[in-house]
Amino acid sequence: MRKSYVTNNIKLKEFDALIKITVEMSKYLYPYVREILKSKEDIEDNSIIWNDFNKRFIELIKERFNMDSIRVKKLLNQAENEEIIIKSLLILSFCISNQGYQKLKDFLYDF
Amino acid sequence: MIQNKFLFHQSSASLEIIGLPDYSNNENEDQISIISQWKLTIVDKPLIEGKIEHLGPIMNAFYIYSNLLIKNEIPIYESKLIDIKADNLHIHNIVLKSSKPNVKPLVLKIGNSLLSDTINCFDQLNESPKVRIKKTDIHTYMPKKLRFGLIKKVKFFNFFIPPFIAICSLILFSSSIIYFYSPFENIEKKELIKPE
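Line by line, the protein sequences give chains A and B. Position 91, counted from 1, in the first sequence is what the working numbering calls 181; the numbers after and before it change by one each time, with no gaps. Position 119, counted from 1, in the second sequence is what the working numbering calls 773; the numbers after and before it change by one each time, with no gaps.
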């Protein structure tokens with residue numbers, strides 16, 4: 091999915107390390123993640139945060155991901171990407187505990 | 655006897671646990687093993703409290719529901735004590751049923767932010783070394799599908815690795831024997847003997 095000409099498969103250790111980094115980041119970013127989720131709940135009163143986040147998300151996808159991929163196109167389609175974004179944010183917000191690493195790993199294996 | 659009180663707080667939700675240590679089990683004074691009261695406070699929502707035996711099932715309900723929500727399955731959890739359904743992707747409908755007769759069920763609507771706050775409060779309680787709750791009451795939140803998946807993977811490897819090693823060792827062993835026996839040389843010798 092990424093803009094890269096090298097197609098190396100991720101190693102198990104690298105996968106574990108990425109999960110650990112993600113969990114630590116989500117602990118730190120929980121207040122922001124929560125505000126984005128909250129903004130979407132009452133979109134009529136508080137749409138600024140969600141719109142800003144969505145705009146930046148799409149910018150980053152366009153910048154770093156392979157735009158020819160169908161899965162990437164799905165991420166950019168505003169009608170389809172909402173569910174993916176909400177569920178991804180929910181997964182991050184559920185994994186901020188000390189056992190977050192194991193929880194995130196379980197969620198990803200089952201996703 | 656003074657009861658211990660612990661508060662597990664996350665943004666707009668807080669879980670209060672009141673109880674006593676189990677002195678018969680040589681526990682410290684600042685621990686809780688015998689829960690006498692629990693309260694779940696969510697900002698702008700009615701206070702949730704119940705019997706001690708209700709805490710485990712309510713925590714389970716939240717964990718199971720959150721798993722269903724993420725796994726793209728229909729997010730519905732129903733039990734005698736609590737029902738949780740999704741109104742849409744952002745709002746969740748919780749119905750808490752009283753065990754007492756003629757008491758109307760308590761209906762709450764919470765968003766994703768409050769749901770994650772509540773789950774994080776329960777996580778803090780589960781991980782707290784100060785409060786010991788019966789682990790039989792709280793199921794692990796690993797989805798069943800995954801649990802079976804992991805067992806299957808382990809069994810798959812256990813099943814295939816021994817014969818694989820056996821075949822490899824057989825190939826190695828037999829390839830070394832080839833150097834000691836050459837059938838072509840024997841045939842040539844026999845052919846040389848026959849014309850005489």
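Errors might be hidden in some of the hints.
[What the hints assert, rightly or not] No farther apart than 20 Å at their CA atoms in a straight line, the calculated lysine to aspartate or glutamate pairs in the EDC-like style are these:
| no. | chain 1 | residue 1 | chain 2 | residue 2 |
| --- | --- | --- | --- | --- |
| 1 | B | 725 | A | 172 |
| 2 | B | 751 | B | 683 |
| 3 | B | 725 | A | 200 |
| 4 | A | 128 | B | 698 |
The hints are simulated quantities; they were obtained by calculation from the structure and are not laboratory data. All of these numbers come straight from a predicted model, not from anything done at the bench.
Evaluated hints:
1. B:725 <-> A:172: holds (16 Å)
2. B:751 <-> B:683: Cα-Cα ~35 Å, so violated.
3. B:725 <-> A:200: Since the Cα atoms of residue 725 (chain B) and residue 200 (chain A) sit roughly 7 Å apart, the hinted pair holds (cutoff 20 Å).
4. A:128 <-> B:698: holds (14 Å)
This entry does not satisfy hint 2, going by the numbered hints stated previously; all others are met.
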